[in-house]
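Undergrad: Listed below are the residues making up each chain.
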Amino acid sequence: MRPYETDAFTAYRQLPLVVVLPETVDQVSRVLKYCYDNDVKVVPRGAGTSLSGGALPLEDGVLLSMMKFNRILEIDLQNRAVVTQPGVTNLGITKAVEADGFYYAPDPSSQIACSIGGNIAENSGGVHSLKYGLTTNNLLGLEIVLITGEVIRLGGKHLDSEAYDLLALLTGSEGLLAVVTEVTVRVLQKPETARAALIGFPTSEQAGKCVADIIGAGIIPGGMELMDKLAIDAAEDFVHAGYPLDVDALMIVELDGPEAEVDDLLERVSTIAEKNGSSYLRVSQSEEERNTFWAGRKAAFPAVGRISPDYLCMDGTIPRAALPQVLQEMQELSEKHGLRVANVFHAGDGNLHPLILYDANQPGELAAAEEFGADILRLCVKVGGVLTGEHGVGIEKRDLMPEMYSEDDLKQQQRVKCAFDEKQLLNPGKMFPVLHRCAELGFMHVHQANCHSRIFRVFR
Amino acid sequence: MGEGFHPTTAEELEAVVKWAAAERTPLEVIGSGSKRNWGRAVQSAHTLRVDGITGVVDYEPAELVLTVKAGTPLQEVEALLKEHNQELPFEPANLSAVLGAPAQSGTIGGVLATNLSGPRRLKAGAARDHVLGLEAVSGRGEIFKAGGRVVKNVTGYDLSRGFCSSWGTLAVATSFSIKVLPRAAKECTFVLLGLTPQEAAQAMSEAMGSSAEVSSAAHLPHGFCPLSQEHSITLLRLEGIPVSIDYRLDKLRSILKRFPSQELIEGQASRKTWGDLRDLVPFAGSNKPLWKISVSPTAGQQVIAELEKRFAIRWMMDWAGGLVWVEMQGDEPHDVPLRRLIAENGGGHATLLRASAELRADVDVFQPLPETLMGLSKRLKAQFDPHNILNPGRMYAGI
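Residue numbers (the working numbering), protein chains in the order written: chain A, 1 to 460; chain B, 461 to 859.
There may be inaccurate statements among the hints.
Once the Cα atoms are required to be at most 20 Å apart in a straight line, the calculated SDA-like pairs of lysine to any residue come out as [to be verified]: (1) B:605 <-> A:423; (2) A:423 <-> B:838; (3) B:646 <-> A:216; (4) A:298 <-> A:242; (5) B:838 <-> A:443; (6) A:336 <-> A:291; (7) B:583 <-> A:141; (8) A:411 <-> A:375; (9) A:411 <-> B:720; (10) B:583 <-> B:739; (11) B:838 <-> A:422; (12) B:605 <-> B:739; (13) B:838 <-> A:149; (14) A:190 <-> B:842; (15) B:838 <-> A:441; (16) A:423 <-> B:842; (17) A:95 <-> A:291; (18) B:605 <-> A:190.
Calculated from the structure, these hints are not laboratory results.
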């Protein structure tokens with residue numbers, strides 16, 4: 001059971017009561033019904049790549065691994081849809097259709113390993129979500145099993161759900177509502193051309209302003225990423241991507257589509273960059289060169305791992321305009337906590353991944369890093385952003401939820417939980433800082449019937 | 461139009477719902493009432509109109525996010541975005557003409573509560589795909605917020621998207637944050653003349669499966685409307701910068717060269733064509749039952765072929781064949797056979813968009829749900845609106 005004691009949020013470990021590996025929907029249904037009847041907690045798990053502890057086992061709970069559901073069931077390119085079991089990897093879907101020129105758009109950096117079922121649980125994004133959306137925007141249908149063992153099908157190859165949009169509620173629900181047993185996603189035709197520009201700036205502020213100006217000019221790049229000095233140096237040292245080392249911020253902008261369009265937009269992006277004081281510009285001339293640009297960015301996390309014994313990866317999102325302010329304040333926080341921070345952003349959609357460098361063997365550093373992280377997320381909320389853009393709440397950010405949501409806000413969220421899982425047996429302890437019993441949530445204060453008569457009017 | 465509650469702030473609205481919850485008094489919740497003739501009629505003594513809660517809260521064009529109060533007229537929202545060369549990418553329909561409501565009525569809240577999307581939904585996504593956050597009052601009279609003002613956000617359940625297509629039965633929204641996008645520099649429509657529905661479905665599938673980035677694809681049968689007076693027409697819309705459109709147009713011509721009868725609709729005429737299809741103009745001016753059918757794109761023409769064998773119908777296909785609008789010419793009951801056909805052709809759903817009040821009371825307006833899904837939907841309703849005071853019965857008996 002050791003392989004299941006943690007996910008990619010390795011700060012926490014716990015052996016489960018038992019690991020179950022079902023192979024059929026009927027088995028999933030019977031396992032869940034048994035647990036429901038006997039009040040046993042269940043933690044669903046895909047590939048275990050969650051960065052927020054979403055699949056962390058419970059000592060007194062069943063760990064339900066869905067990785068034996070590993071077959072693609074149907075490829076229907078006439079309808080641009082793929083029906084798959086949830087244990088298939090994200091990249092596995094693209095691999096299955098790429099010979100025909102198609103791909104599955106959301107591309108989280110763990111796409112080689114992460115399962116599509118886990119993508120549903122986390123509403124995974126990736127570097128191309130600015131243009132092509134998140135999991136929720138690319139999902140057509142689901143088959144789910146409730147904790148009671150009931151099997152429900154939602155959507156299919158058609159668009160839009162009948163009745164309530166339960167697909168929306170399930171996507172990003174972190175395994176707290178149901179277990180996914182089948183997924184239908186849309187696949188897209190691969191763009192004919194993709195070219196990337198590597199643009200360096202003397203300051204992060206200039207880079208941040210450039211991001212806002214590109215979007216403001218009506219250009220929606222396929223991807224737009226930013227790295228700060230520490231991240232650039234670490235990445236270059238690790239993969240030798242040819243990054244300039246005399247800049248404070250490095251932007252990768254990728255444009256995709258017909259060649260003529262890509263060339264035209266790259267020209268405009270270069271002009272905008274120059275106006276914002278860029279000091280370095282290189283446009284990829286080959287597919288190989290484009291991949292090299294990305295290699296550094298994609299290896300940024302492990303690269304930072306090489307220059308520090310440990311690091312914490314954060315995941316807030318902010319309005320793009322707040323980027324310079326947040327960078328400035330983050331530097332101040334770095335000094336306050338006495339820890340270094342490397343920054344990697346999905347700049348186009350304002351999703352920050354600050355990496356806090358620390359050494360767990362130094363007494364007090366883990367605690368300092370966690371406090372630093374919490375301060376960064378508070379900062380994100382303060383400027384109008386959110387706690388997590390794509391990694392999920394899990395256990396990691398659970399206790400920060402009240403920074404963003406009021407008691408009443410959180411109660412509404414838990415009411416969704418109560419509609420799906422009244423006994424709160426599915427993945428308890430994740431997402432919510434305080435678990436109200438559903439019966440308690442159901443209680444309604446009787447308000448004084450006090451309706452101001454001035455609101456009552458005769459309509460035209 | 462009667463009398464009822466007409467709050468002008470979220471706090472006033474909260475007070476009304478709190479009162480109704482305490483009194484166990486049902487409310488018919490509407491924006492401006494433009495879609496009142498769609499869906500099931502609500503039996504209630506009181507009406508709660510949201511169109512007094514209006515105004516833009518925040519709009520930074522460079523952020524591509526608009527925060528707006530729920531009762532703001534759709535027309536005002538669209539005009540504001542146009543000033544900044546932006547738009548709602550899902551191009552919501554204005555159904556006033558087809559539903560017999562005053563011209564250009566309708567609020568942004570009504571659009572989102574019904575998840576109303578137009579022809580570009582095919583490429584850009586539905587209304588719900590563009591909702592980032594909301595503030596609302598639940599049926600318990602609790603004011604709450606969900607989501608945020610940023611595109612990427614997985615902090616908690618996605619209640620904002622969950623609100624869409626709930627028809628005001630879970631909560632009454634007071635404001636939304638919506639993702640907006642720049643308007644395309646240019647658009648044109650590539651037209652194939654004289655295709656059969658089967659050929660059209662095939663042509664649309666090939667176009668959508670190519671890298672031509674078609675943003676809307678529709679088929680109008682011969683004689684359906686003035687545009688298709690002489691031949692059936694199959695419409696493929698391209699949007700973007702001119703150099704890109706020219707290239708993609710050549711691509712479509714070459715992929716579809718086996719259909720030699722081709723035409724081009726450009727610029728303003730192209731916009732007008734898609735605007736009319738979006739607003740269902742060809743179905744305006746009658747009160748015959750009009751069904752909205754969502755199936756897989758290749759199944760649309762199969763459902764039409766089967767329907768034509770049994771009923772007298774007028775129809776058109778949008779969303780590359782996946783959205784079929786069917787107007788029944790006769791009075792015989794058609795909901796049961798229609799839905800059976802959908803089930804036999806890969807599944808999907810049918811919603812009765814327009815019909816007399818009698819017919820709407822008589823048939824399932826929305827797709828009937830399997831027992832387990834209905835049970836779950838009712839539990840969700842009971843969590844948010846335990847006393848069944850928000851639009852009771854608007855979607856289903858009990859919901």
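Undergrad: So, for every hint listed, does it hold in this structure?
TA: Verification of the supplied hints:
Pair hint residue 605 (chain B) plus residue 423 (chain A) does not hold up; C-alpha atoms about 25 Å apart against a cutoff of 20 Å. Annotation: proposed proximity of residue 423 (chain A) to residue 838 (chain B) holds, straight-line Cα distance about 17 Å (limit 20 Å). Of the pairs offered as hints, the one joining residue 646 (chain B) and residue 216 (chain A) holds, with about 18 Å between alpha carbons and a cut-off of 20 Å not exceeded. Only pairs whose Cα atoms come within 20 Å are accepted, and residue 298 (chain A) paired with residue 242 (chain A) is accepted, the gap being roughly 14 Å.
Between residue 838 (chain B) and residue 443 (chain A), the direct Cα distance comes to roughly 18 Å. Compliance with the 20 Å bound is thereby established for this hinted pair. For the suggested pair residue 336 (chain A) and residue 291 (chain A), the alpha carbons sit about 38 Å apart, so the restraint of at most 20 Å is broken. Restraint check: the Cα-Cα separation between residue 583 (chain B) and residue 141 (chain A) comes to about 17 Å, which is no more than 20 Å; the hinted pair holds. Using a Cα cut-off of 20 Å, the hinted pair residue 411 (chain A) and residue 375 (chain A) is violated, with the two alpha carbons roughly 25 Å apart.
Between residue 411 (chain A) and residue 720 (chain B) the CA atoms are separated by roughly 60 Å; this puts the pair beyond 20 Å, and the hint is violated. Of the pairs offered as hints, the one joining residue 583 (chain B) and residue 739 (chain B) holds, with about 18 Å between alpha carbons and a cut-off of 20 Å not exceeded. Of the pairs offered as hints, the one joining residue 838 (chain B) and residue 422 (chain A) holds, with about 13 Å between alpha carbons and a cut-off of 20 Å not exceeded. The straight-line distance between the Cα atoms of residue 605 (chain B) and residue 739 (chain B) is roughly 32 Å, outside the 20 Å bound, and the hint therefore fails.
Taking the CA atoms of residue 838 (chain B) and residue 149 (chain A), the gap is about 18 Å. The hint holds against a cut of 20 Å. Restraint check for residue 190 (chain A) and residue 842 (chain B): the C-alpha separation of about 44 Å exceeds 20 Å, so the hint is violated. Note on residue 838 (chain B) and residue 441 (chain A): the hinted pairing holds, with a Cα-Cα distance of about 17 Å set against a maximum of 20 Å. At roughly 16 Å between alpha-carbon atoms, residue 423 (chain A) and residue 842 (chain B) fall within 20 Å of each other, so this suggested pair holds.
Taking the CA atoms of residue 95 (chain A) and residue 291 (chain A), the gap is about 18 Å. The hint holds against a cut of 20 Å. Our distance criterion of 20 Å between C-alpha atoms is broken by residue 605 (chain B) and residue 190 (chain A), whose separation comes to about 37 Å.
The structure is inconsistent with the numbered hints 1, 6, 8, 9, 12, 14, 18, although it conforms to all the rest.
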